[in-house]
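S.K.: Sequence:
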Amino acid sequence: MKTVNELIAEKISDTSIRKRLASEDRTIAVYRAHPQLENIDNKLLELRKEKMLAAIDHDDKPIPAMIVRENELISLREKYISSHGIDPEFDEEKVVCKTCKDTGYSKTRTGSRIVCPDCMSDMLKEAYEEAGMADYATYTLKSFDLDHFKNKKERRKKFEAIKALFEDEKREGSSVALYCDSPRTGKTFISIILVKYAIIEARNAVYLRAEDLEDMSERKVSEIKGCDFVVIDDYSAESTLNRRIASALNSILEARSARSLPTLVVSSAPAEMVIADSDARISGKLINAVRI
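The opening residue of the sequence shown carries number 206 in the working numbering; numbering runs sequentially from there.
Honestly, the hints are just simulated from the structure, not real lab data. Wrong hints could be hidden among the right ones.
What the hints assert, rightly or not - Each computed BS3-like pair below joins lysine-lysine, with the alpha-carbon atoms no more than 30 Å apart:
hint, residue 1, residue 2
1, Lys254, Lys299
2, Lys425, Lys330
3, Lys299, Lys207
4, Lys368, Lys312
5, Lys248, Lys266
6, Lys284, Lys312
7, Lys224, Lys306
8, Lys375, Lys299
9, Lys207, Lys358
10, Lys330, Lys306
What the hints assert, rightly or not - Quick list of simulated restraints, FRET-style, between CB atoms:
hint, residue 1, residue 2, range
11, Ser317, Ser427, 23 to 31 Å
12, Asp323, Pro267, 47 to 55 Å
13, Ser317, Glu428, 38 to 46 Å
14, Met206, Lys284, 54 to 62 Å
15, Val301, Arg448, 45 to 53 Å
16, Lys347, Thr304, 28 to 36 Å
17, Glu215, Thr304, 16 to 24 Å
18, Glu229, Asp439, 49 to 57 Å
19, Met206, Glu297, 31 to 39 Å
20, Gly378, Arg424, 26 to 34 Å
21, Asp296, Ser326, 29 to 37 Å
22, Ala485, Lys347, 39 to 47 Å
23, Met206, Ser287, 50 to 58 Å
24, Ser288, Glu229, 23 to 31 Å
Only a predicted model underlies this, so the values are computations on that prediction, with no experimental measurement involved. A virtual CB, placed ideally from N, CA and C, is assigned to each residue, including glycine.
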């Protein structure tokens with residue numbers, strides 16, 4: 206499972222290589238058309254090597270003359286470039302994305318760091334898929350409507366409460382939160398939107414259903430333990446009757462609680478029933494959970 210930051214790092218590395226190659230191609234083309242400029246640059250390069258070696262050997266005597274000659278060559282270079290209409294930055298690596306300066310990250314008006322929307326949209330899409338949301342491409346922040354179920358005030362309250370789980374670094378209390386509501390009230394929609402929101406903020410977030418834990422590899426379980434934010438949807442007390450699900454869920458909640466990493470457990474059953482009827486190990490971790 207690749208995180209959004211790992212995907213961004215890969216793209217930045219690829220972009221860096223492409224920029225370097227493009228710079229080399231431009232330099233070759235300019236030198237081919239202007240061998241005199243290449244000759245000037247070669248002389249500059251050799252002179253700077255000699256100056257560096259003299260400094261290493263603590264031989265200061267020739268350095269003043271070298272500096273004079275270097276300035277002469279620089280002046281000659283600038284005049285040649287200007288008179289022949291050559292891009293003065295032809296041999297430099299060009300910035301591809303003006304928004305993030307090829308860092309992969311930009312900032313909001315409030316100064317918060319986010320994944321660059323201009324050059325990393327493809328990485329966001331891949332990150333959503335890696336985070337368990339391949340089937341929810343249509344669930345976007347733009348399509349999310351707080352008033353969809355005619356209870357805008359309550360849904361906004363839940364939205365902000367869940368968002369605070371991964372944004373508020375000074376939050377107190379349990380790192381486990383329990384979001385219980387009736388079926389068909391938009392719990393999955395709001396959960397997925399907030400996992401995507403966390404990823405946009407360059408956080409390592411994951412969405413899964415409780416039933417996914419039955420066949421989940423130990424490696425994946427281990428990765429989930431260290432995520433910045435995790436949503437476990439469609440949870441029910443009955444699911445913990447499955448020993449594999451109960452064992453995996455217990456180890457995830459235990460590890461994440463020890464590190465104060467926020468975990469949201471989502472269920473369509475009443476909270477009291479979820480806590481009372483779950484496997485004793487899970488019940489003990491949910492009893493003090495934050496109620497959404």
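S.K.: Against each hint, give a clear statement of whether it holds in the structure.
M.R.: Outcome of the hint check:
| no. | hint | result |
| --- | --- | --- |
| 1 | Lys254 x Lys299 | 26 Å, holds |
| 2 | Lys425 x Lys330 | 20 Å, holds |
| 3 | Lys299 x Lys207 | 28 Å, holds |
| 4 | Lys368 x Lys312 | 18 Å, holds |
| 5 | Lys248 x Lys266 | 20 Å, holds |
| 6 | Lys284 x Lys312 | 40 Å, violated |
| 7 | Lys224 x Lys306 | 12 Å, holds |
| 8 | Lys375 x Lys299 | 41 Å, violated |
| 9 | Lys207 x Lys358 | 36 Å, violated |
| 10 | Lys330 x Lys306 | 21 Å, holds |
| 11 | Ser317 x Ser427: 23 to 31 Å | 29 Å, holds |
| 12 | Asp323 x Pro267: 47 to 55 Å | 50 Å, holds |
| 13 | Ser317 x Glu428: 38 to 46 Å | 25 Å, violated |
| 14 | Met206 x Lys284: 54 to 62 Å | 56 Å, holds |
| 15 | Val301 x Arg448: 45 to 53 Å | 51 Å, holds |
| 16 | Lys347 x Thr304: 28 to 36 Å | 19 Å, violated |
| 17 | Glu215 x Thr304: 16 to 24 Å | 19 Å, holds |
| 18 | Glu229 x Asp439: 49 to 57 Å | 53 Å, holds |
| 19 | Met206 x Glu297: 31 to 39 Å | 37 Å, holds |
| 20 | Gly378 x Arg424: 26 to 34 Å | 31 Å, holds |
| 21 | Asp296 x Ser326: 29 to 37 Å | 31 Å, holds |
| 22 | Ala485 x Lys347: 39 to 47 Å | 43 Å, holds |
| 23 | Met206 x Ser287: 50 to 58 Å | 53 Å, holds |
| 24 | Ser288 x Glu229: 23 to 31 Å | 24 Å, holds |
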